[in-house]
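Engineer: Given next are the chains, with one letter for each unit.
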Amino acid sequence: MTVYLKNIFNDVGNVTLFASKFFKQVFTPPYEFKEFIKQCYVIGYKSIPLVAITGFIMGLVLTLQSRPTLSKFGAESWLPGMVALSLIREIAPVITALICAGKISSGIGAELGAMKVTEQIDAMEVAAINPFKYLVVTRILATTLMIPLLVILADGIGMMGGFIGINMHGDISFYRYLAKVFDSLAFIDIVPATIKTFFFGFFIGLIGCYKGYNAENGTASVGQAANSAVVTASLSIFIIDMLAVQITDLFY
Amino acid sequence: MEQETITILPQAKIEEKGPVIEITGLVKSFGENNHVLKGVNLSVNKGEDLVILGRSGSGKSITIKCIVGLVLPDEGEIKVFGENVLNLPTSKLNEVRIRIGFLFQNSALYDSMTVKQNLAFTLQRHASHLTATEVENEINAVLESVGLAEAIDKMPSELSGGMRKRIALARTLILKPEIILYDEPTTGLDTITSKEISELILDIKKNNNTTSIIITHDMACARLTADRIMILKDGVIHAEGSYLELEKSEDEWVRSFFI
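As you go down the protein sequences, you meet chains A and B in turn.
Numbering follows this note's numbering, with no gaps: position 212 of the first sequence is 213.
Numbering follows this note's numbering, with no gaps: position 55 of the second sequence is 68.
I should point out that these hints are in silico values taken from the structure, not numbers from a laboratory.
Any given hint could turn out to be false.
Pair ranges (Cβ atoms, derived) [stated by the list, open to error]: (1) A:Leu236 with B:Ser56: 51 to 61 Å; (2) A:Ser21 with B:Glu212: 43 to 53 Å; (3) B:Leu85 with A:Phe24: 37 to 47 Å; (4) B:Glu171 with A:Ile38: 25 to 35 Å; (5) A:Leu251 with B:Leu85: 44 to 54 Å; (6) A:Pro30 with B:Thr200: 57 to 67 Å; (7) A:Lys22 with B:Leu101: 16 to 26 Å; (8) A:Tyr46 with B:Glu108: 34 to 44 Å.
To be clear about the criterion: a stretch of chain A counts as covered by chain B if any three or more of its residues have a C-beta under 8 Å from a C-beta of chain B, and this derived list gives those stretches [said to hold, decoys possible]: (9) 114 to 124; (10) 127 to 137.
Anything over 12 Å on all C-beta distances counts as not near chain A; from chain B, calculated [what the hints assert, rightly or not]: (11) Lys51; (12) Asp196; (13) Lys208; (14) Leu213.
Think of the CB as a built atom: it goes at the ideal place given N, C-alpha and C, for glycine as much as any other residue.
Chain B on its own, in the form it takes in the complex (with noise of 0.2 Å):
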């Protein structure tokens, strides 16, 4: 009953709009024996939904961290809009940034300082014109947007995990990206919640026509959310398609995500 509510875009119409994100030979090690990537290639058109699985470990994280200069891969190319981030002065690459929103795992709320604060420190820095007013409305709308108006004088640690994610996405969104990577968006949350937060990942891409790549070990949020899933496997892009695709898939390996 619930695949009926998967909302996939026809192939053909997403790549009229174009890559967004092109990541071509991405090579990354943590010592001399640990070689995380041996060379990722994917690319993500405007308006598309990519969620990259894979176990743990495998890298996943670790390729949206690169792609918003995080983590500086030891080869390859990563275009975003167009532009090579990896030759990009700190100027230019905050340019970049400032159109990505990212989702950590933990939330990564500012501990110090309220949901407003948290939201508004983003804000003010990035559009100064707005005056004390146009920023709390902003604020406002945002957080009406993700269902928390009443948390906006709550400190960080007076909400609980759900809502920690909620104002995350909150502070990602009040930027208004065009590219929002989420990394792991319901590890730790219960059953309702992860949906929740998949429901609210789906809306936020229906009112902001945002290009999403989500990495999560959660299929029920990798079903509702994904217009194309790539599995990561020993460095490398193992399989790749629609979520009805890979549950059919002959290669065992790739089945056992969908069990």
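In isolation and in its complexed conformation, chain A is listed as follows (with noise of 0.2 Å):
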């Protein structure tokens, strides 16, 4: 029990040093910016198809589960924006997140993890490359930057899945529903939603990178590093989700 602990303090320390690292290289030239564009379109374009589907069934799933007991109570009418409030603050951003992690978090892990035993990195370090910068600053970068927008993609794909939903067993048109939709939003349903998928893709890109790049020699390492990946980045968006929760209590 105390290695345990004592390991997981380890990790704690060596991911912050790590994170630290990323800041203090992230602001010094030279930028790598094609390859920063590359990880921006591996992560978030390729990944729209995945997140698309996610979100679709969300809103229709969301939405066909919620309204026998909406309907118990006769409140069938409020269910377009109790969907939308769901979706956007809370299930969109986790689901996708986790999504994310999945799908992204383990592929670095695994690129990285691979790179370092095939001495790929030693490789950009002999030639006075800097390979933190090259490969994990764009890709942390990039994750940053691109979940948050597959979360406001899963958003509107989801209130979509939410209409079919709605429409399954009644009636109701586009413009009523999202009327309802943007009724039932205010300023605290977005912003504080929007502002946390940052925090996510950043620390999606920060355990991939981290666990591919500490990857021990060894081809059994490379599994290891994505998995680890996936279960330490899918553990933290659940911590940076409810500190999230609590800090927004707080202020509204």
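Two independent chains are provided; combine them into the complex using the hints.
Structural biologist: Encoded structure:
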């Protein structure tokens, strides 16, 4: 148990040092702009189908599952607002971030882990190229920027799913549905939920990079890095979500 | 017959040119009980090809990784071009690294890039004044020098072991290094390809006047390329001399490498 706790604190310390190295290097030239754009494409654009399908199903299922309960109280008209609030405040950010932790964090962990064990990172270093800046800084920046955009996409497509879900048992025009959605939304529902997605993105990138960049030698460690990246990133998403909700609750 | 092709620079001539790498008292341990290097001293003169032999795990690769700052030794001093690389800040160390090429044991080509991108990646960062056409010309020239001009658009996964070694060599050569460190350049290759790589190492030396340290278990490669051979044993240099001298050594352990 003592060893287990020691390892956890050791990991937290090392991740903190890794993050501080990121902040130190992110503002100093040279900037790897081309690689950053490439990572935005790989992390953001290539995740669109997955996030879109997940978002649509989230909205549809949430609507279908909530409808019977609301019907009992004669509150079916609240359905669009309830779906929108649930999606934007909690479900879309967390589920999208978890999906991305599975897809992106594990991908980064495996890619950098493989590069580490095949000495590609060492090859960059001996060629006087800063591998941290090229591999780590670009990926963390890309996840920090792309996850919020993917969450906004999931929000929008989730509400489309909700619209279809409502129309499966009722009849509401798209215009009226949107009007009801926006009536129920306020500043406090959108801004804190969006801000926390930047943190989700940052930690998804940070943990994937940390696990891959510090993979031990041997091919088994590549799998371990990928697996550990998913588990740790998923856990960190729940912890950040809990903190974000508590902080939001203090101010509003 | 093949022994006649050995190119050995006269020792006196090498010393005139002076050492470009000097290692003094290099010590490196991993954990409390794994003392790999226990005080290695060596120097390599300009234009010389030094081959380091030794059993697996004797610290040969660690020694050359210390030279480029990939591994930090526990004790000792490493001077490259007269600069103690262990005390240099990263920016200064990088200036030294640009003058050193390193061929990794498993080639370490960037998997996600084509051959052309592998070469351009390094070149564009250190020769930003070159135009796109000049970069392309440099890449074509260096690929031709290793005999693989046709592989320019291939991915590393499409290359054989020998081709990967040649491309890795091309990537090393593109910055025109003064020193090249070869970490087991012929490991995992068939006899014919190994000979081709060894001959390529000789060609590189002839054409570019490079200084080299070659870590190898391949005695044919050692015979072909070595101006001088050092043998590591128990963390220190156990024997030193030319191929022919060491082959006739009275030390049975030294002679066992040449059987």
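Engineer: Could you work out which of the previously given hints the structure breaks and list their numbers from low to high?
Structural biologist: Per hint list: 3, 6, 12 violated.
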